[in-house]
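**Student:** Sequence:
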Amino acid sequence: MRLMLLVLFMVVGLFANEVKVDGKYSNLLGNPFKSVLETKSQDISIVSNESKLISLTVETNRNDFSFSKPSLEVLNTSCNNVLKSFVSEDFNIVQTASRKISCEILPTTIVKIDYVMKDDKFMDQISDIVIHLAIRVNDNGKVYEDSIDMNKDLNLKGAMKYDIFAIRSELNLDRETMEESIQKIVENAIYSILSKNKKG
Numbered sequence: 001m002r003l004m005l006l007v008l009f010m011v012v013g014l015f016a017n018e019v020k021v022d023g024k025y026s027n028l029l030g031n032p033f034k035s036v037l038e039t040k041s042q043d044i045s046i047v048s049n050e051s052k053l054i055s056l057t058v059e060t061n062r063n064d065f066s067f068s069k070p071s072l073e074v075l076n077t078s079c080n081n082v083l084k085s086f087v088s089e090d091f092n093i094v095q096t097a098s099r100k101i102s103c104e105i106l107p108t109t110i111v112k113i114d115y116v117m118k119d120d121k122f123m124d125q126i127s128d129i130v131i132h133l134a135i136r137v138n139d140n141g142k143v144y145e146d147s148i149d150m151n152k153d154l155n156l157k158g159a160m161k162y163d164i165f166a167i168r169s170e171l172n173l174d175r176e177t178m179e180e181s182i183q184k185i186v187e188n189a190i191y192s193i194l195s196k197n198k199k200g
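Note that the numbering used here gives residue 129 to position 129 of the sequence shown, counting from 1, and the numbers run on in steps of one.
No lab work stands behind these hints: they were computed from the structure. Errors might be hidden in some of the hints.
[Claimed, not checked] Below, in silico cross-link-like pairs of lysine to any residue (SDA-like), each with a Cα-Cα straight-line distance of 20 Å or less:
#1 Lys-69 - Val-94
#2 Lys-198 - Lys-112
#3 Lys-52 - Asn-138
#4 Lys-40 - Val-94
#5 Lys-112 - His-132
#6 Lys-24 - Ser-195
#7 Lys-34 - Lys-69
#8 Lys-24 - Thr-177
[What the hints assert, rightly or not] The calculated label-pair distances, taken between Cβ atoms and stated as ranges, are:
#9 Gln-95 - Asn-27: 16 to 24 Å
#10 Leu-28 - Asp-146: 21 to 29 Å
#11 Lys-196 - Ile-110: 34 to 42 Å
#12 Asp-43 - Ser-71: 25 to 33 Å
We put the CB at the ideal spot given by N, CA and C, even for glycine.
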């Protein structure tokens, strides 16, 4: 039985975990009441490029893992789910609109995971996650690429933290999963880039 469980864990470790970017967190950003209640005079269409899962570069402060190093992937066009939250404040989203916009996550995105016990391969408590997020936006033919560093506290500087409070919060039984934390960071980071470029 133990051998079967060991094999199962090893097989699971061979597959990458997909990070969902569905707008769950970005829907809470900006002014959601404006997007729902305010009448807009302009239309925009959100278009998708070719959708594909991209593998994210994962860096950690640990060299030895009990089964395998975390492996993550994300759908490049899932960036559009955050884009929808962002543009809905100022535009009616209409598929046939002449103005078109798209967003995609780039494979140069890096996820840095810091473990509390970096020398204990069986202890998986995480003290911080820092994401270097890179995206490409095509706004009606005007294309730009931008990136941002953000950590699990949504700190734009992305500085690792090692204080006891971070460790205590990570030991909370109600803590988010690693994938949920990464989703929250990614959606906030995308929204921040879109907001910065809107302001010029």
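**Student:** All the hints need checking, so say for each whether the structure fits it.
**Tutor:** Each hint tested on the structure:
1. At most 20 Å may separate the alpha-carbon atoms for a hinted pair to count; Lys-69 and Val-94 exceed this at roughly 43 Å.
2. Proposed proximity of Lys-198 and Lys-112 is contradicted: the alpha carbons are some 28 Å apart, above 20 Å.
3. A threshold of 20 Å between alpha carbons decides the hint, and for Lys-52 with Asn-138 the separation of about 17 Å falls inside it, so the pair holds.
4. In summary, the hint linking Lys-40 to Val-94 is supported, as the alpha carbons are separated by about 12 Å, within the 20 Å threshold.
5. Restraint check for Lys-112 and His-132: the C-alpha separation of about 8 Å stays at or below 20 Å, so the hint holds.
6. Between Lys-24 and Ser-195 the CA atoms are separated by roughly 18 Å; this keeps the pair inside 20 Å, and the hint holds.
7. Among the hinted pairs, Lys-34 with Lys-69 is inconsistent with the structure: their alpha-carbon atoms are about 43 Å apart, more than 20 Å.
8. Simply put, Lys-24 and Thr-177 have alpha-carbon atoms about 15 Å apart, close enough for the 20 Å limit, and the pair holds.
9. Checked against the given bound of 16 to 24 Å, the beta carbons of Gln-95 and Asn-27, roughly 20 Å apart, stay inside it.
10. Judged by the Cβ atoms, the range 21 to 29 Å given for Leu-28 and Asp-146 holds: they are separated by roughly 22 Å.
11. Our hint of 34 to 42 Å for Lys-196 and Ile-110 is violated, since their Cβ atoms are close to 19 Å apart.
12. For Asp-43 and Ser-71, the Cβ-Cβ distance of about 40 Å falls outside the hinted range of 25 to 33 Å, so the restraint is violated.
In this structure, the earlier hints numbered 1, 2, 7, 11, 12 are contradicted, and the remaining ones agree with it.
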